[in-house]
Amino acid sequence: MDSAKIAEVFISVDEWQNICDWMYHSLGASEKDAKGHFLLEIVGTRRTWVTTDGAQLTVLQSEGPVPRGSLYSGDGLTVLVNSRLFRGKTPEDVTLVISETEGRRAQSMYGDGIEISLPEHPGPFPDWREAVESIQGTRIEVESHRLLEACSYAETVPYGVENDMGISAWLYVREQRLAIDAPWIEYPHTKVFIEASGDLQDSVPVLISPRRLRNLLLAIDPAVVTLVLPNNPLGILGIEFDSYRALLLPIDRWGGEKRRLEELLCEYLRSQSIEPDDDGDYAIATPDGNTLWVRLQTDFRPIAVQVFSVLASGVPCSNELLVELNSINASAPHVKVIWASDAIMAEVDIVAEALDISELANALDVVQETADRYRPVLGVFFGDSGE
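Following my numbering, the numbering of the sequence shown begins with 111 at its first residue and continues without gaps.
These are computed hints drawn from the structure, not numbers from a lab.
Keep in mind that the hints are not guaranteed to be accurate.
Claimed, not checked - In silico DSBU-like links for lysine-lysine, alpha-carbon gap of 35 Å or less:
{"no.": "1", "residue 1": "Lys199", "residue 2": "Lys142"}
{"no.": "2", "residue 1": "Lys368", "residue 2": "Lys446"}
{"no.": "3", "residue 1": "Lys142", "residue 2": "Lys115"}
{"no.": "4", "residue 1": "Lys199", "residue 2": "Lys115"}
{"no.": "5", "residue 1": "Lys368", "residue 2": "Lys301"}
Stated by the list, open to error - Here are the simulated distance ranges between beta carbons:
{"no.": "6", "residue 1": "Val153", "residue 2": "Asp222", "range": "22 to 32 Å"}
{"no.": "7", "residue 1": "Gln246", "residue 2": "Val487", "range": "44 to 54 Å"}
{"no.": "8", "residue 1": "Leu328", "residue 2": "Phe120", "range": "49 to 59 Å"}
{"no.": "9", "residue 1": "Arg321", "residue 2": "Arg483", "range": "47 to 57 Å"}
{"no.": "10", "residue 1": "Cys427", "residue 2": "Asp387", "range": "18 to 28 Å"}
{"no.": "11", "residue 1": "Asp391", "residue 2": "Asn439", "range": "20 to 30 Å"}
{"no.": "12", "residue 1": "Gln246", "residue 2": "Arg483", "range": "48 to 58 Å"}
{"no.": "13", "residue 1": "Asp398", "residue 2": "Asp237", "range": "41 to 51 Å"}
{"no.": "14", "residue 1": "Lys142", "residue 2": "Glu202", "range": "21 to 31 Å"}
{"no.": "15", "residue 1": "Asp388", "residue 2": "Glu469", "range": "25 to 35 Å"}
{"no.": "16", "residue 1": "Glu377", "residue 2": "Ala216", "range": "18 to 28 Å"}
{"no.": "17", "residue 1": "Ile413", "residue 2": "Ala450", "range": "14 to 24 Å"}
{"no.": "18", "residue 1": "Glu141", "residue 2": "Asp398", "range": "45 to 55 Å"}
{"no.": "19", "residue 1": "Glu173", "residue 2": "Glu202", "range": "16 to 26 Å"}
Just so you know, even glycine gets a beta-carbon here, dropped at the ideal spot from N, CA and C.
Kindly produce the complete structure, drawing on both the sequences and the hints.
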């Protein structure tokens, strides 16, 4: 049997305290996943600790003695440190020992008369460098305690409103101030403005979770932090303070509804996966070579799944056209035939929350039958038939 290779890593009480203060807020929810562990990368005296739960990411860089032992080489050392090693104890000076035998690793932590041993998770850990390197945008500075208060205001739920899904808010610069805007249906928006400095030109709103932003700031003593506001609404928000870096990844507000719709479409098509086009629409090819489209309509409430087909394109609006569409809609109550953006379309809307496979299949059948029936005549009399 191969003899064990080891690496001894000294962790000071200050380094441990920083880990507890900042890193746990971004730790994944399950230890079974690599994201439920701390990533530690060591090159010489330089150390980088990383945690992420997929929605936010923190990076803490520090200095420490070069690890001792045959497992450490000049190329550095990467290890997934179990978070249990840092739970339930007062921070202290400790030694983390990584041992490897026949390709399997274990880790032990030695403190004041106590040893804790655990196997190492096999990984892999997500690529954190790509996310950090992708941060681009407007840099502004703001006092952390003011930003914390603003997040608390933005998290406030209007009296009489039930909300257990968390709150999303827009973060942007307007009129030389940082703004957090939490929208509510049929209630006034909560708008909080904060004094800031730096490049205070009006910026693109980015959707964030005020709770997540607040948690990332909790460990920072009242001080000025740097925010990097992305140049597009789906960019990454950066937070910088001393050797601490945090990233809030963009919120996919309707991610759950999208996943549910894709699951149903895959079931309908008997396919393993389906991808939307650049507009977020899903194409469904019909046997006769035409195309039906499915989209998640989030502009109105309740959120709807829209199934539609283009019956004719390049069609100007006219009285004759409107008369014909009124006639069609009077005889086809389960589908709407409308004119929009110089095109005639047949569409069915279904409340997304109530969508199931039978409703989706029925909507696709109705739209296809309507398209097959009216596409030829509408194309001849009002424009070129299209998809």
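Status of each hint after checking the structure:
1. Lys199 <-> Lys142: Between Lys199 and Lys142 the Cα gap is close to 22 Å, so the pair holds against 35 Å.
2. Lys368 <-> Lys446: holds, 23 Å
3. Lys142 <-> Lys115: Given that 35 Å is the threshold and the Cα spacing comes to 25 Å, the pair holds.
4. Lys199 <-> Lys115: Roughly 28 Å separates the two Cα atoms, so the pair holds.
5. Lys368 <-> Lys301: Cα-Cα ~29 Å, so holds.
6. Val153 <-> Asp222: 22 to 32 Å: holds, 29 Å
7. Gln246 <-> Val487: 44 to 54 Å: Given a distance of about 52 Å, which is inside 44 to 54 Å, the answer is holds.
8. Leu328 <-> Phe120: 49 to 59 Å: violated, 28 Å
9. Arg321 <-> Arg483: 47 to 57 Å: holds, 51 Å
10. Cys427 <-> Asp387: 18 to 28 Å: holds, 26 Å
11. Asp391 <-> Asn439: 20 to 30 Å: holds, 23 Å
12. Gln246 <-> Arg483: 48 to 58 Å: Distance hint for Gln246, Arg483 holds at roughly 51 Å.
13. Asp398 <-> Asp237: 41 to 51 Å: holds, 45 Å
14. Lys142 <-> Glu202: 21 to 31 Å: holds, 28 Å
15. Asp388 <-> Glu469: 25 to 35 Å: holds, 27 Å
16. Glu377 <-> Ala216: 18 to 28 Å: Check failed, 43 Å falls outside 18 to 28 Å.
17. Ile413 <-> Ala450: 14 to 24 Å: holds, 20 Å
18. Glu141 <-> Asp398: 45 to 55 Å: holds, 53 Å
19. Glu173 <-> Glu202: 16 to 26 Å: Given range 16 to 26 Å: holds, Cβ gap about 19 Å.
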